[in-house]
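Colleague: The chain contents come next:
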Amino acid sequence: MTTCQECKRFFPVEEDPAHGDCVQRVVDPRQAYYMAKSVKAEDDAGACDSFQKREQ
Amino acid sequence: MAQAAIKDTSVEAFEKKQEWWWAAEKKRSGRLDYLRKAIWKKGAIGGLYAPGVKVDLERAKLTTQKAKELEASPDPYVIKFAKMFAHVLDNKSIFITDRAQLVGYTGSLPHTMAWDPSCASILNEEAFNDPTAIPDPVEENQQVIRDINNYWIGKSDLDKMMPVFDMEDLMKMLSGSIGWGVPLARGGYSNKDYEYIMTGKRAFEDVIKELDKKIDETDIAVHQPGADASIASMYDKLNNWEAMKITLEAGIRIAKRYARLARIIAESLEDDPQRKEELLKIAETCERVPAKPPRTLQESFQYDIFIQMMSRTEAIEGAWPARPDYYHGPYYDKDVNINKTLTKEEALDLVGEFMIRAAEVCQFKPKWSREGLQGIDGTWVWTMGGVDAKGRDACNDLTIAFMQAARLVRVANPTFAFRWHPKVSDEVMREIFECIRQGLGYPAIRHDPVLIANSMHWHGHPIEEARLWVHQACLSPCPTTKKGYQPMRMANATANCAKIIEYVFTSGFDPVVNMQVGAETPDVTTLDNFEEFFAAWTEQMKTIFSILVRAVNRARMLAPTLTPRPFLSAISERSIESGLDTCEPSIARGNAWVTAFTWVENIDSLAAVKKLIYEEKKYTMGELKEALSKNWEGYEEMRLDFVRNAPKWGNDDDYVDDIMLRCLDTVAKFSKELKCPSGNNWPILPENVSGNIHYANIVGALPNGRRLGDALYDGGISPGPGLDKSGPTAVLKSCGKIDHITGGRAFLLNQRLSPTQLAGEKGYQLWRAYMRTWADLGIDHIQFNMVDDKTLRTAQKDPEKYQEVIVRVAGYSAHFVDISRKTQDNIIQRTVQGLG
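As they're listed, the protein sequences go chains A and B. Per the working numbering, the first sequence runs over residues 1123 to 1178. Per the working numbering, the second sequence runs over residues 184 to 1019.
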């Protein structure tokens, strides 16, 4: 199973690496921004459109 | 070949043409320009949200998910509620817009409108039935909404409250004919105890320490030998304190999430060194506040934004009571004047962005609310100027910075209302005038000495507290103090007053909603003289006001148990001290009021009846009743007689002005019989927002010559559009006959002035002279539109080119193109007063 922690958008919380933020760049019709969503390192990323394999 | 004229696009050229919006675009910094244009317009246009703006399903899902998880929990409701609140803050998506220095939003993404499904099923159904606001894929998300809605049926706040209301009152109120809004402690206008939480003396960690102390002491007390009623009540207090603590801890955590995101961007994603530095500053700021008190202007603004965001996560707040120059002013002074760590230009960027952060706030609202507040999400009327607790001038450099920033960012929401008093400097007055002259429609001007006395008269606020007032909604003063602040003003105590006079002719039967709503007063044709007619009017007034007030009182009594506000309580001294929910009436002084929409129609109608029916006997009451029931159709000549030949309010005519005073006096006496659960009075406050348009199809024909469907008058004591034929001073003289201290809580007065006449120094002096008359007459409020007819009519024809034209609607401003055609026409019809 592909998990969130394998994605380069995943940024683990230092004190609790099992949790982290999925940080994405978004450009909508009015503004550009970075957004973060709370995720778990082990969450299934198999169906995630934004998944990008972290380089080793 | 003729050469095309080269268009002059200089600031000076735009200003000369009074195209202030283009001039502002050129004058503001690149950052402000980007952030201003980044705003998603959230105010509804004609009751519908703008394309691209969507209901935020994330929050609704998070709340529902946690509610389901807690169903089997033994926690009392207040704790469960606090945990749902914390779950939303811990898990919602957050974002940081490019170039921003301040962060925090009620929804998950910039184009979303926060939707809290735990408030009311009637709101949830509107989310389901508004496909234009449902995010793609619509069908799939409609099913998501259906599932969420099904869960909350019978569990939402209003669903829980409805069975314990008086059903007859509730049906009359929800019919939409006499009231506006629902009685909920989590839906309306929340003031805050800013004296407790915004003065820099404490922040969330300090309050948590205080809560821990209270919990520990009480825990010991309840386990001591002995038992009595006081101990029995302590368990509820322990739960309340625990719930407050949960919300504050969640508040600190979400700030740290923002700090973390800012650091991630700075350290891993951003290349520009200047932006990296700004992001690290954001991180440092969010690590500091709201946990600890702010030290700088940026931290102070950020602290305020977090508090507003959290309070709007807890409840639907339709207003934004605030006094930003007063509470943030010391930080501006420290950073700009003393430590010089910020230049004036840098500070102006922060001030402008602070307004922009507020302008983008939106919570999904029902259609009747959107129609009543066309073009905006809520009435963010920020209070400026005024005096401090000791009566000293409170204006400062930040007051001026806000006026300057307003002219640069030109948002329609927030707007300002300025507390004028005799010690205000000419420098500040010039800044205010410049905002008005540049067509913002704000600040509205409030008479501070009159309103401080008014607060003491109506609600018994001590003078030191009365001086610390903010606008709780558009107009009503409310102190920001421990006992004086009102946690929730429920919007449904908003009376559609034109129904008072209408019901005199129908004996209380409402032909629009087809039910008996008002009092069953005698058939109007049997009323032999004006005194009997006025007695029937009084009976209808008392009946309508009572229905609305009873519902609010009931909701307020039920609020602490059925609809608690643990976060708002956690930033309220009285709740920290007592362990009671902040809506508990026994710990508040009370600051209730009945908003009187469509008020002046009563006055002009009573005058017409008195003169043409009872005195001149030109028509019989039977003829008038018949004409009104036919919506004046077939009676046009008679209708014009009632329009043209009956005295009209606003012309310094004692005949009709005395009727205004008599009506207000009658209501004022009854206002002291109506009591809120804290034991205080319910004065009236005539104003309209855009209710004059909303109610146009709900109010029937009236004796002032109005037909069903015609726009109602636009202001609380504004004369009817085009009916003030005796000049601006006559308007002021009529309004000045009212005792603005004892006659009611406040009175909205709209005036239109000519931007051409008021250009330059001469224009300023003319306005100052006019304002001196206003002040001398002791009128509590005035606000101005200063955009000429030509611009407004051109904007109607070519709205794309005039997207940024702002007008004063009633208690708020809006972009002209965002309001309905009927409201636009109504504003154009207002008399342009020539001064001098």
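Hints should not be assumed to be uniformly reliable.
Chain A side only, calculated, beta carbon under 7 Å to chain B, not exhaustive [claimed, not checked]:
no., residue
1, Phe1133
2, Val1145
3, Val1149
4, Arg1152
5, Ala1154
6, Tyr1155
7, Ala1158
8, Lys1159
9, Ser1160
Computed from the model, here is a short list of chain A residues facing chain B with C-beta under 10 Å [said to hold, decoys possible]:
no., residue
10, Met1123
11, Thr1125
12, Arg1147
13, Val1148
14, Asp1150
15, Pro1151
16, Tyr1156
17, Met1157
18, Glu1164
Please keep in mind that the hints were generated in silico from the structure rather than gathered at the bench. Every value quoted in this text rests on a predicted model; they were computed, and no experiment measured them. Glycine residues also receive a C-beta, built at the ideal position from the N, C-alpha and C atoms.
Colleague: Take the hints in turn and mark each one as holding or not.
Modeller: How the hints compare with the structure:
1. Taken as an interface hint, A:Phe1133 checks out: its beta carbon lies about 5 Å from the nearest beta carbon of chain B, inside 7 Å.
2. Contact between A:Val1145 and chain B, as hinted, is supported at the beta carbon level, the nearest pair being about 6 Å apart and thus within 7 Å.
3. About 9 Å separates the beta-carbon of A:Val1149 from the nearest beta-carbon of chain B, more than 7 Å, and the hint is not met.
4. Annotation: interface hint on A:Arg1152 holds; nearest CB of chain B at approximately 5 Å, less than 7 Å.
5. With a least beta-carbon distance of about 5 Å to chain B, the hint placing A:Ala1154 at the interface is held under the 7 Å criterion.
6. Proximity of A:Tyr1155 to chain B holds as hinted, the smallest CB-CB distance being about 4 Å (cut-off 7 Å).
7. Hint status for A:Ala1158 relative to chain B: holds, with the closest Cβ pair at about 4 Å, below 7 Å.
8. With 7 Å as the threshold, the beta carbon of A:Lys1159 comes within range of chain B, its nearest partner Cβ sitting at about 5 Å, so the hint holds.
9. With a cut of 7 Å, the hint placing A:Ser1160 at the interface with chain B holds, because the nearest CB-to-CB distance is about 5 Å.
10. Taken as an interface hint, A:Met1123 does not check out: its beta carbon lies about 22 Å from the nearest beta carbon of chain B, beyond 10 Å.
11. Interface restraint check: A:Thr1125 against chain B, minimum CB-CB distance 18 Å, threshold 10 Å, status violated.
12. Against a cut-off of 10 Å between C-beta atoms, the interface hint on A:Arg1147 holds, since the closest Cβ of chain B lies about 7 Å away.
13. A cut of 10 Å between beta carbons decides the hint on A:Val1148: the least distance to chain B is about 7 Å, and the hint holds.
14. At about 6 Å, the closest approach between the beta carbon of A:Asp1150 and any beta carbon in chain B falls short of 10 Å, and the interface hint on this residue holds.
15. Contact between A:Pro1151 and chain B, as hinted, is supported at the beta carbon level, the nearest pair being about 6 Å apart and thus within 10 Å.
16. Because the beta carbon of A:Tyr1156 sits about 5 Å from the nearest beta carbon in chain B, less than 10 Å, this interface hint is met.
17. Annotation: interface hint on A:Met1157 holds; nearest CB of chain B at approximately 4 Å, less than 10 Å.
18. For A:Glu1164, the shortest C-beta to C-beta distance to chain B is roughly 16 Å, which exceeds 10 Å, and the interface hint is violated.
Hints 3, 10, 11, 18 from the earlier list are contradicted by this structure; the remaining hints agree with it.
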